[in-house]
Amino acid sequence: MSINVNEDFIFPKLRDDIAFELIENENEQQVVLYDPRGYARQPIQIPFSIVPLLQMLDGTFRISDIENVLKDEKSDNIAEIIEPIFNLIYYLDHLGFLETENYYNLKRELDDYLNSPIRKPVCAGSTYSDNPDHLKSQIKAILSSRKPDDIKPDADSIIVPHIDFRVGLGALKTYAAAYHAIKEKHPELVVIFGTSHYASSDYFMFTEKDFETPFGVVKTDREIINQLKAISNGDIHFDELAHKNEHSIELQLVFLQFLFGDKFKILPILVGSFHNFVQADTLPKEDEHFQELIRKVKDVIKESGKKTVYIASVDFAHIGRKFGDDFDAAPELAILQNEDRILINHLVNFEADEFFKTVAKNNDRRKICGLSPIYSVMQMNKFRESRFLEYNQWDETETKSAVSFASIAFYE
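Quick note: to get our numbering, add 23 to the position in the sequence shown (first position is 1).
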């Protein structure tokens with residue numbers, strides 16, 4: 024960011040409702056700024072030494088004031104010091120921490136979303152076409168990429184990817200196999216357990232919103248939602264913000280609409296992180312709150328009498344440079360496949376606890392983003408039969424990274 028403003032330029036005011044949290048990071052004190060109201064794009068972590076500067080952002084602070092503060096600094100060029108300060112303030116503005124037009128636009132957009140009964144699609148026009156006719160052709164082509172001849176129909180639950188449709192044939196076949204397994208089921212209710220990539224305010228995060236796609240609006244089951252509210256003692260948690268930009272549920276809806284039209288409703292549930300259980304070396308089912316969530320969802324669905332399908336919208340491993348590893352993904356792919364096969368074998372044998380333990384014993388080093396939704400779906404029903412359908416990997420050579428994914432069908 025170049026500095027082209029005069030000394031009378033006044034820096035924007037730091038919002039009064041921003042919260043601070045002091046943390047220790049590698050023996051250095053740092054401060055996390057976050058927005059309890061959720062308008063800022065994300066938290067930001069800064070050195071503790073920057074806090075006095077933030078305290079000066081009161082709506083009257085000028086460039087000349089910075090120069091006065093820094094006059095004792097031993098630097099031949101004050102601009103060299105001011106430049107990173109400008110960059111930080113610019114970034115704070117971008118994130119929505121300052122009282123500027125950008126913040127008010129973010130606030131208006133978020134308030135509109137929260138007040139709307141409908142969640143708009145975030146993947147239309149990118150992952151899939153935003154034109155209904157083109158999307159229909161796209162989904163038809165995906166389902167045609169994998170013949171259904173060897174797939175047993177009428178599955179009650181499926182594990183299916185949520186990876187971008189554009190990554191290649193392997194992904195398309197994996198999606199197709201899962202949906203061939205339920206396409207004759209014609210459910211009244213579809214319960215979708217999706218990975219929550221951006222929020223973890225609870226184990227289960229519910230929403231009351233209907234979901235829009237280019238095919239139309241998918242109705243969230245108000246009867247189920249109201250019954251969950253009625254039996255809640257504070258343990259049924261609604262997090263509308265968590266659903267706003269999350270793709271894991273949305274990507275399944277276009278398949279469901281293609282197959283079943285408007286003849287079904289959904290119970291969309293984003294599942295938060297289970298890393299507390301991984302770290303503590305305990306099983307989620309041993310947690311009282313998780314037990315209650317499973318019990319209440321099961322009871323409400325059973326009492327409804329609705330023909331129900333369960334979906335775990337998940338990917339498996341995330342490895343390589345893009346995901347923070349210090350190695351390239353390509354040489355690991357064969358090893359990864361063997362490791363994933365062990366996990367898949369646990370699932371097809373209904374060994375949810377062994378699946379979790381296998382991931383946890385290595386501290387989830389492969390970053391299985393479907394850990395919590397898969398485990399949750401496996402707690403919902405007693406299965407008598409299962410079918411492994413597809414397994415594939417996406418090798419993103421440009422970033423030296425890879426993602427693995429699979430589809431599995433379960434039958435009660």
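The set of hints was computed from the structure by calculation and includes no laboratory data. Errors might be hidden in some of the hints.
With a Cα cut of at most 27 Å, we get these calculated BS3-like pairs of lysine-lysine [as the list claims (entries may be wrong)]:
id : residue 1 : residue 2
1  : Lys-170   : Lys-242
2  : Lys-242   : Lys-206
3  : Lys-286   : Lys-232
4  : Lys-175   : Lys-330
5  : Lys-36    : Lys-130
6  : Lys-405   : Lys-329
7  : Lys-208   : Lys-288
8  : Lys-143   : Lys-163
9  : Lys-330   : Lys-232
10 : Lys-345   : Lys-321
11 : Lys-325   : Lys-232
12 : Lys-267   : Lys-232
13 : Lys-286   : Lys-196
14 : Lys-170   : Lys-232
15 : Lys-330   : Lys-319
16 : Lys-36    : Lys-208
17 : Lys-319   : Lys-208
18 : Lys-390   : Lys-208
19 : Lys-286   : Lys-170
20 : Lys-232   : Lys-242
21 : Lys-319   : Lys-196
22 : Lys-288   : Lys-325
23 : Lys-329   : Lys-319
24 : Lys-208   : Lys-130
25 : Lys-196   : Lys-390
Computed from a prediction, not measured in an experiment: that's the story for all the values here.
Quick rundown of the hints versus the structure:
For the proposed pair Lys-170 and Lys-242, the alpha carbon gap of about 30 Å is over 27 Å, so the pair is violated. For the suggested pair Lys-242 and Lys-206, the alpha carbons sit about 19 Å apart, so the restraint of at most 27 Å is met. Distance hint between Lys-286 and Lys-232 is fulfilled; the C-alpha atoms sit about 18 Å from each other, no more than 27 Å. The hinted pair formed by Lys-175 and Lys-330 meets the criterion: a straight-line CA distance of about 18 Å does not exceed 27 Å.
A hinted pair counts as satisfied when its Cα atoms are at most 27 Å apart, and Lys-36 with Lys-130 qualifies at roughly 16 Å. With a CA separation close to 17 Å, the supplied pair Lys-405 and Lys-329 stays within the 27 Å bound. Under the criterion of a C-alpha separation no larger than 27 Å, the hint pairing Lys-208 with Lys-288 is consistent with the structure, at around 14 Å. With a C-alpha separation of about 23 Å, the suggested pairing of Lys-143 with Lys-163 holds against the 27 Å cut-off.
Using a Cα cut-off of 27 Å, the hinted pair Lys-330 and Lys-232 holds, with the two alpha carbons roughly 21 Å apart. Between Lys-345 and Lys-321, the direct Cα distance comes to roughly 38 Å. Violation of the 27 Å bound is thereby established for this hinted pair. Between Lys-325 and Lys-232 the alpha-carbon distance is near 22 Å, which keeps this suggested pair within the 27 Å criterion. Of the pairs offered as hints, the one joining Lys-267 and Lys-232 holds, with about 10 Å between alpha carbons and a cut-off of 27 Å not exceeded.
About 25 Å separates the Cα atoms of Lys-286 and Lys-196, which keeps this hinted pair within 27 Å; it holds. At most 27 Å may separate the alpha-carbon atoms for a hinted pair to count; Lys-170 and Lys-232 exceed this at roughly 35 Å. Note on Lys-330 and Lys-319: the hinted pairing holds, with a Cα-Cα distance of about 17 Å set against a maximum of 27 Å. This hinted pair does not check out: Lys-36 and Lys-208 have alpha carbons roughly 57 Å apart, beyond 27 Å.
A distance of roughly 24 Å separates the Cα atoms of Lys-319 and Lys-208; the hinted pair therefore holds under the 27 Å criterion. Taken as a hint, the Lys-390 and Lys-208 pair is broken in the structure, with Cα atoms around 32 Å apart against an allowance of 27 Å. Restraint check for Lys-286 and Lys-170: satisfied, since their Cα atoms lie roughly 25 Å apart, inside the 27 Å limit. At most 27 Å may separate the alpha-carbon atoms for a hinted pair to count; Lys-232 and Lys-242 meet this at roughly 8 Å.
A C-alpha spacing of about 35 Å is found between Lys-319 and Lys-196, which places the hinted pair above 27 Å, so the restraint is violated. Using a Cα cut-off of 27 Å, the hinted pair Lys-288 and Lys-325 holds, with the two alpha carbons roughly 15 Å apart. For the proposed pair Lys-329 and Lys-319, the alpha carbon gap of about 16 Å is at most 27 Å, so the pair holds. Taking the CA atoms of Lys-208 and Lys-130, the gap is near 42 Å; set against the 27 Å cutoff, the hint is violated.
Distance check on the hinted pair: Lys-196 and Lys-390 sit about 23 Å apart at the alpha-carbon level, within 27 Å; holds.
Checked against the numbered hints given earlier, the structure breaks hints 1, 10, 14, 16, 18, 21, 24 and satisfies all the rest.
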